[in-house]
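Here the protein sequences come in this chain order: A and B. Just so you know, the first sequence maps onto residues 428 to 517 in our numbering. Just so you know, the second sequence maps onto residues 6 to 877 in our numbering.
Worth flagging that the hints you see were computed from the coordinates, not collected in a lab. Positions of the beta carbon are idealized from the N, C-alpha and C atoms, including for glycine. Check each hint, because a few of them may be wrong.
Label-pair restraints from in silico Cβ distances [claimed, not checked]:
| id | chain 1 | residue 1 | chain 2 | residue 2 | range |
| --- | --- | --- | --- | --- | --- |
| 1 | B | 112 | A | 454 | 35 to 41 Å |
| 2 | A | 514 | B | 283 | 57 to 63 Å |
| 3 | B | 854 | A | 446 | 29 to 35 Å |
| 4 | A | 458 | B | 526 | 52 to 58 Å |
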Amino acid sequence: MPRYLVERTFPDGLQIPLTEEGANVCRTVVATNTDDLVTWIHSYVTEDKSQSYCIYDAPSPEAIRRAARRNNLPVDKIIEVQVLDPYFYR
Amino acid sequence: MAADLLERDEFLLALNQSLLQATEEHGRIVLVSGDAGIGKTTLVERFVERFVERRPTSVRMLWGACEALFTPRPLGPLYDIAQQAQAPLRVTLEGTSNRATLFAAVLTELTQAPTILVVEDIHWADEATLDLIKYLARRIHQMPTLLILTYRDDDLSRDHPLRLVLGDLPARDVTRLRLRPLSEAAVEALAEQVDRPGADLYRATGGNPFFLTEALAWDSAGVPASISDAVLAQVSRRSPAAQRLLELVSIVPNKIEWWLVEAIGAEDGATLDECLDSGILHLDGEAVGFRHELARQAVESALSPARRRALHAAVVSALLEHGVEQASLARLAHHAAQAQDSALTLRFAPTAAKQASDRGAHREAAEQYRTALRFADNLELNQRAELLEGLAHECFLTGQMSGAIQAGEDALAIWQTLHIPLRVGHNLCWLSRIYWYVGRKAEADHYVDAAVGLLQTLPSDKELAWAYSYRAMFAMLAEEAADAQVWGSRALELAEQLGDDEIVIHALNTRGMARLQAGDKHGQDEVNQSLRLALEHGFEEHAGRAYSNLSSYFVRFRDYANAYDCTSAGTAYCVDRDLDIYTYQMISWRALAALEEGKWASASEDAATVLGAPRVPPINRIQALVTLSWIRVRRGDPDADVLLDEARDLALATGELQRIAPVMAARAEAAWLHGDRARCVAEARIGFDLARAHSNPWALGQLSFWLWRVAALTQPLSGAITPYALQITGDWRAAADAWEQIGCPYEQALALLDGDEPAQRVALTILERLGALPAAEIARRQLRARGARGLPRGPRPTTQANPRGLTPRQLEILLLLAEGLRNSEIADRLSTTPKTVDHHVSAVLAKLEARSRAEAVRLAYELGVLPHSATH
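Same shape as in the complex, but just chain A (with noise of 0.2 Å):
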């Protein structure tokens, strides 16, 4: 399965506080995704909580996009990327 980079823009910021209310935020998401396939495999998110680059696991962009509309979470732009292990040699 191809492997994308999912820019999204979060004006208000993305606010996911570690508690049991934020775990099932992200419950929620994982669980929507699989429906259309889709696995979060991870975020990136700036210091100031306005963008956020995640790591997915999809069939196809369209997917990310259904997946990312069912969620009401927000696509800028959606890059496919190949994962480059630096410490390959050890």
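Dock chain B against chain A, hints included.
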């Protein structure tokens, strides 16, 4: 506790949960899957014992199973089910071979009372049974039914037909239970009970419950190395008579009727008791079978080839003595072929093929023809050619295009050797159509010309009329309108002389389309007349073709309102009648229209549906490939190039403007968005040269536009005025207005880009609303270059807050409302009923406190419930 019941409680509870829902709310589907021997059947049996039989209100049980026949009997499980159901279903099954009637009878039966319908081993199901499952699954909501389907998932190949069916099931109605092997702890607990070393048992059996049961019965030292070893060791301990019985039972998949056993050999009741007592066989009414399929396979595969043949021969002759039943043709053919009996195989396989074909099990029909042909070495040539024609036709219907061509060519060669020109002409004509479907225009033209040439030398008859009509059709599809009208008139004249309605309908359709292409609006009357006649005389395929052709015309000439009406009526008609080819053609055209109208989400759903569907001929994949890749290009999404390359290769081989123009326009646009002027010219030029030789102003306009955009063309070409032409002459405002009128926002924005600063700002807004990132970037660059200030920095969608607490389903509905879809369209898209959609819409309006759909959409944007970029 027995091995096959450990660690299964959660599955039993899930089944019971589904049963409650099925009887109290609406029907449900449960998929029970896992490796062979994992305990699928046992799970369902225990569920029935523990929950179903103890219910205060009764639920009816219906069981059917698919057989491991090389070529399964069409609708095999339905015959089992009908035995347990009420009389009307049995009568229908015996009385008709019409699928629609049969399926409707099953539906009626199931709506009578709460029912658990189990269909086992659907990985072996024939095509008609899979269709029945799909049919029921789509309607499961209306029935108080729990549909339990079991299958093995350990050796399902990527292209196994079952995968398509499973992918097609309505996700919200399905519970998936995947049975896992037992844990090491469970195996050890079990081993302790019988005082055996648990670690060895777990290592050998991998926790497979069936293997475990066999291994626990193993009385030599250590543990058996394989299931086969375990089973065969058990068999070898039986008496010689019992071993003979087991061998016989093993060559009959599923179960063998007791009268058949008696008719074949000297086996008596005592032998049977011995096998039943040891637990290797079990009784099922008047039939007997292995308790487990893995045991059957172990015994069968240990038979010598000679013994196996002899047993199959004995079965087939006993079946014959008993009298041939309609339902058992596939069975007779199976055993005859396994017995290597060519005379009997040739007697039954072709008839079984015809029966399978009638029931819509075309994959099985093709297999039966193949079986017959394996034994056809000594057959008369003409009989062989007829088998090949049958095979070719069934291959075509199941999308096995290279098989269809091979068989068709072989049949053609035989008729040529036999000097039977009428059959030669017929086969040439048929092959030309197949070559067209696979997108090989050169061959299609060559074969149809040869057919016309040959048949013209014979007395005029319907084969010649067909050849004329096909000749006309290929010209029409290539938009050679004048040529198509000449040949169409010839076909029509001859068909009317012969009084052949079907050819009249076909030729009228073609000629009408050709007239439309030439700009003659009366052409539409001819196509409509063809449609009316087709509906009147029940020529369903031709009705489908008329709907599909008209849809393509409306989309290509950008008449979206008519295109919508035509595809709605057409897909409704074709879906009901399984006319998949035309259904997918119309969905492809609908997708392209939605793309042009800026409804990208629904366009990409439609395109993906077509690309994921089975048996879509290559020629019909092109439009869907273009649409999906075009959307990716316009969004700036990855993975467009591969699809665009595939689309170009397929399209160029068809030689048809209607396929080539959109592909080359999409490729030119992609190059332009990348700033690659040279490639934009090269791509557009290919389509442009072809378009210039035709009269379609839209195709020509679109390709001229891209040449002009990168300054490779300065003047619009003569011909009908399109918004493209307006823009090329420098009237961007008129072009933008025209596009707005027609309903193409992206094209409208590209026209506005040529305007002043306010116009360019509007263009930027439209492009951002569409989510057209690369074009929006170009707009922003142009605005900055002219010194514009205060530009939005790109789409600023909302946070994930959902202030009005809409459910995901309601959000989905809201999105489709925002696309301007009607309730019936939304229902189509979400595979539900308009009534349910109505429900949701009301809920959405209530939560948003809106009075109308339009207000709901507006409020949704304002409140940030809908992010701006996510609408497309």
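Whether the CB-CB distance between residue 458 of chain A and residue 526 of chain B falls inside 52 to 58 Å: holds, 54 Å
If I claimed the Cβ atoms of residue 514 of chain A and residue 283 of chain B lie 57 to 63 Å apart, would that claim hold in this structure? holds, 60 Å
Quick check: does the Cβ-Cβ distance between residue 854 of chain B and residue 446 of chain A fall within 29 to 35 Å? holds, 31 Å
Could one say that the CB atoms of residue 112 of chain B and residue 454 of chain A fall in the range 35 to 41 Å? For residue 112 of chain B and residue 454 of chain A the Cβ distance comes to about 39 Å; the hint holds.
Checked against the numbered hints above, the structure violates none of them.
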